[in-house]
Amino acid sequence: MQFYLPVVWAVIITLGVFIYVVLDGFDLGIGLIFPFIEGKSERQVMLNTVAPVWDGNETFLVLGGAGLYGAFPVVYSTLLPANYLPLILMVVGLIFRGAAFELRAKASRTQHLWDLAFIGGSALAAFCQGVVLGSLLQGIKIVDGHFVGGAFDWLSPFSVFCGFGVLMTYAALGCGWLILKTDGELRSEMRMLMVPMTWVLFGFIAVVSVWTVLGLPAVRYRWFESGNLAWFLPVPVLVVVCVLGIARFVRQGNDMWPFVLTLVLCFLGYSGLIISIWPNIIPPGLTIWEASSHPSSQLFALVGVVIILPIIFVYNIMQYRVFRGKVREGDAGYHH
Numbered sequence: 001m002q003f004y005l006p007v008v009w010a011v012i013i014t015l016g017v018f019i020y021v022v023l024d025g026f027d028l029g030i031g032l033i034f035p036f037i038e039g040k041s042e043r044q045v046m047l048n049t050v051a052p053v054w055d056g057n058e059t060f061l062v063l064g065g066a067g068l069y070g071a072f073p074v075v076y077s078t079l080l081p082a083n084y085l086p087l088i089l090m091v092v093g094l095i096f097r098g099a100a101f102e103l104r105a106k107a108s109r110t111q112h113l114w115d116l117a118f119i120g121g122s123a124l125a126a127f128c129q130g131v132v133l134g135s136l137l138q139g140i141k142i143v144d145g146h147f148v149g150g151a152f153d154w155l156s157p158f159s160v161f162c163g164f165g166v167l168m169t170y171a172a173l174g175c176g177w178l179i180l181k182t183d184g185e186l187r188s189e190m191r192m193l194m195v196p197m198t199w200v201l202f203g204f205i206a207v208v209s210v211w212t213v214l215g216l217p218a219v220r221y222r223w224f225e226s227g228n229l230a231w232f233l234p235v236p237v238l239v240v241v242c243v244l245g246i247a248r249f250v251r252q253g254n255d256m257w258p259f260v261l262t263l264v265l266c267f268l269g270y271s272g273l274i275i276s277i278w279p280n281i282i283p284p285g286l287t288i289w290e291a292s293s294h295p296s297s298q299l300f301a302l303v304g305v306v307i308i309l310p311i312i313f314v315y316n317i318m319q320y321r322v323f324r325g326k327v328r329e330g331d332a333g334y335h336h
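Per the numbering used here, residue 1 is the first one in the sequence shown, and the count goes up by one each step.
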C-alpha cells in the first residue's frame, strides 16, 4: 500500500494538471490571439466560443493544487516558496482574465480597456505557468524537506524560455479551437495563423528538448543512458507527425483535426516531461515516495477523489456536449 498509493496519487495529479493545461490552455490562447483580430463582432464570437465553459475548465487547477496539499505536502511546502512570485502573478492574471470576461460585455466606453485586461491577464497567467514549469525542470534546492534557495531562483534563461513556450502552446490551442468552433472570415484568419504558429511551437519544443538534455545530466541519463531510448523514441517521432498533420489538415480545410492534433502535441510534450523526471516529483532528487504524506491521509483523500472526480468529469463532458457545434456572429452568448 505504501508503494502504490503515491503512484495512484501521482497519476491523479498528473492527469488533473494535464486536463487543466488543455482545457484552460485554449481559452487562455484566445486571449493571446485577441490582438490579431480587430473587429468587435469577431472578438465577441471568439469569447462566445468559450463563454459557457471557461470557468469550469479551472476546476482541474484546484484539483491539482488540493491533491498536492493532501498527498504530497512536501511538494506543496517547497514548490510554492520556490515560486511565490510567478504563482501570485499567475493568479493575478487569471483574476484579470476572469473579470474582463464578465465586464467587457457590459462596458461600452471602457471595452477596449477590458480587452487589454483580457489580453494581458491571459498572457501573464500563461507565461507564469511556463516559468514555474521551467523552474521545476531545472531543479529546486531542498534540504530535509524544506526549500533552501533564494526568492528569485525560479528566474533563469531556461524558465523564461519555457514561459514563452507555454504562451505559444496556448496560442496554438486557441487557434485550433477557433477553427473548430467558428466559420466565415474568422475561421479563415485562424487557418492562416495556425500553420506558422505550429511550426514556431515545434521550434520551442525542439529547443527545450535539446536544452534539457544538454543542461540536465539526470534528463540526459534518463533518455540516452538508461537503455530505454527505444521505448521513448515514439514521443519525438509522433511530435513531428503531429506538426506535419496539422499543416496538411489546415490546407485541406478540415476543421476538427488541427485542434485534435494540437491536443495530441500537448500530450506528447507533457509525456516527455514525465519521462524526463519520473519517479522524481521535484527534480533533481525528491521522489514521489519521499514526498508522500502518511498512507492513511492519502487513503482518506482518495475516497473523496473517487466520489468527486466522476462527477467533475460528467459535468465537464455535459457542458461541452450541450454547447457543441459552431458559434456564429449574432448567436447569443450567455452574457446577453
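Think of the hints as simulated: they come from the structure by calculation, not from any bench.
Beta carbons are placed, not taken as given, at the ideal position from N, Cα and C, and that holds for glycine.
Treat the hints with caution; some may be incorrect.
In silico SDA-like links for lysine to any residue, alpha-carbon gap of 20 Å or less [as the list claims (entries may be wrong)]: (1) K106 - L116; (2) K141 - L87; (3) K141 - R43; (4) K326 - K106; (5) K141 - Y76; (6) K326 - N316; (7) K40 - K326; (8) K106 - P52; (9) K141 - W54; (10) K40 - L193; (11) K106 - L87; (12) K106 - S188; (13) K326 - F152; (14) K326 - W231; (15) K326 - L309; (16) K141 - I288; (17) K106 - V91; (18) K40 - V143; (19) K40 - Q111; (20) K141 - E290; (21) K141 - R187; (22) K40 - K141; (23) K141 - W289; (24) K40 - I119; (25) K40 - N254; (26) K40 - L87; (27) K326 - S188; (28) K106 - E189; (29) K40 - E102.
Distance ranges between label pairs, derived from CB positions [as the list claims (entries may be wrong)]: (30) V207 - R248: 36 to 42 Å; (31) F313 - P217: 36 to 42 Å; (32) I308 - S108: 21 to 27 Å; (33) G56 - H112: 24 to 30 Å; (34) H112 - I308: 38 to 44 Å.
Inset, instruction - Taking the numbered hints from earlier one at a time, note which ones the structure violates and give those numbers from smallest to largest. - result: The structure conflicts with hints 3, 4, 9, 11, 12, 13, 14, 15, 17, 18, 21, 22, 25, 26, 28, 30 and 32, although it agrees with all the remaining ones.
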